[in-house]
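Each chain, letter by letter, is given below.
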Amino acid sequence: GQQVMQIPQYQHVQEGEDFTTYCNSSTTLSNIQWYKQRPGGHPVFLIQLVKSGEVKKQKRLTFQFGEAKKNSSLHITATQTTDVGTYFCAGQPGGFKTIFGAGTRLFVKA
Amino acid sequence: EAGVAQSPRYKIIEKRQSVAFWCNPISGHATLYWYQQILGQGPKLLIQFQNNGVVDDSQLPKDRFSAERLKGVDSTLKIQPAKLEDSAVYLCASSLGGGVGDTQYFGPGTRLTVL
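Chains as they are written, first to last, in my numbering: chain A, 40 to 149; chain B, 2 to 116.
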């Protein structure tokens with residue numbers, strides 16, 4: 040079936056270091072969304088990418104959508120303790136169904 | 002603007018018992034989703050409603066799970082009988098239209114523990 044794979048599963052960084060999580064789909068996606076889930080919380084929408092090769096920035100966060108619309112990445116520059124949580128990508132292969140990746144859990148050591 | 006409301010927040014039951022969860026979406030949102038999130042995994046879509054019709058329920062274990070959205074507003078998800086592997090957080094989300102690329106707003110979830 041359609042899958043959205045996300046790596047790495049976990050990432051430990053020192054505060055101030057950069058962080059990247061990668062998302063790969065087995066099929067072409069109509070769009071990809073990124074969500075953040077704080078420990079004990081619920082997923083919160085961060086951004087959506089729609090166009091092939093699209094790059095969007097939110098302060099220290101940079102999101103990219105691959106040319107083939109099958110992969111995406113989220114890069115955080117100079118992590119802070121407030122960045123702690125799990126980052127999920129969620130893709131729509133076509134139609135209305137959304138498939139979430141397993142998430143990358145980010146730990147930041149002060 | 003009020004967010005997505007869910008109740009209860011926590012539930013502990015024994016296997017083979019039944020349980021029901023309630024969700025009230027953001028006012029005016031046509032689409033409502035129920036997800037199951039097992040510890041350490043991403044949310045898995047169980048069922049998606051648009052107004053009071055089912056758009057997708059391909060991953061809903063229909064022999065034990067049921068969901069309804071009467072009048073196209075709030076929704077209930079029921080499990081009967083529960084199994085140990087049903088222990089998870091059940092998340093409800095809603096979106097304005099439900100089309101491709103719609104932003105989903107999640108509720109706080111119901112944490113279910115099956116003993």
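Hint data in this document are derived by calculation from the structure and do not stem from the laboratory.
Cβ coordinates follow ideal geometry from the N, Cα and C atoms, glycine included.
It is possible that some hints are incorrect.
Unchecked claim - In silico lysine-lysine, DSS-like type, Cα no more than 30 Å apart, as pairs:
| id | chain 1 | residue 1 | chain 2 | residue 2 |
| --- | --- | --- | --- | --- |
| 1 | A | K136 | B | K45 |
| 2 | B | K45 | A | K95 |
| 3 | B | K45 | B | K63 |
Stated by the list, open to error - Partner residues are not named here, just some residues of chain A that face chain B (Cβ under 8 Å, in silico):
| id | residue |
| --- | --- |
| 4 | S65 |
| 5 | S69 |
| 6 | G140 |
Hints, one by one, checked against the model:
Distance restraint check for K136 of chain A and K45 of chain B: the Cα-Cα separation of roughly 11 Å lies within the 30 Å cut-off, and the hinted pair is therefore satisfied. In summary, the hint linking K45 of chain B to K95 of chain A is supported, as the alpha carbons are separated by about 26 Å, within the 30 Å threshold. Under the criterion of a C-alpha separation no larger than 30 Å, the hint pairing K45 of chain B with K63 of chain B is consistent with the structure, at around 15 Å. With its C-beta approaching chain B no nearer than about 15 Å, S65 of chain A sits outside the 8 Å limit, and its interface hint is violated.
For the restraint placing S69 of chain A at the interface with chain B, the shortest Cβ-Cβ distance is roughly 5 Å, inside the 8 Å limit, so the hint holds. Taken as an interface hint, G140 of chain A checks out: its beta carbon lies about 5 Å from the nearest beta carbon of chain B, inside 8 Å.
Hint 4 from the earlier list is the only one contradicted by this structure; the remaining hints agree with it.
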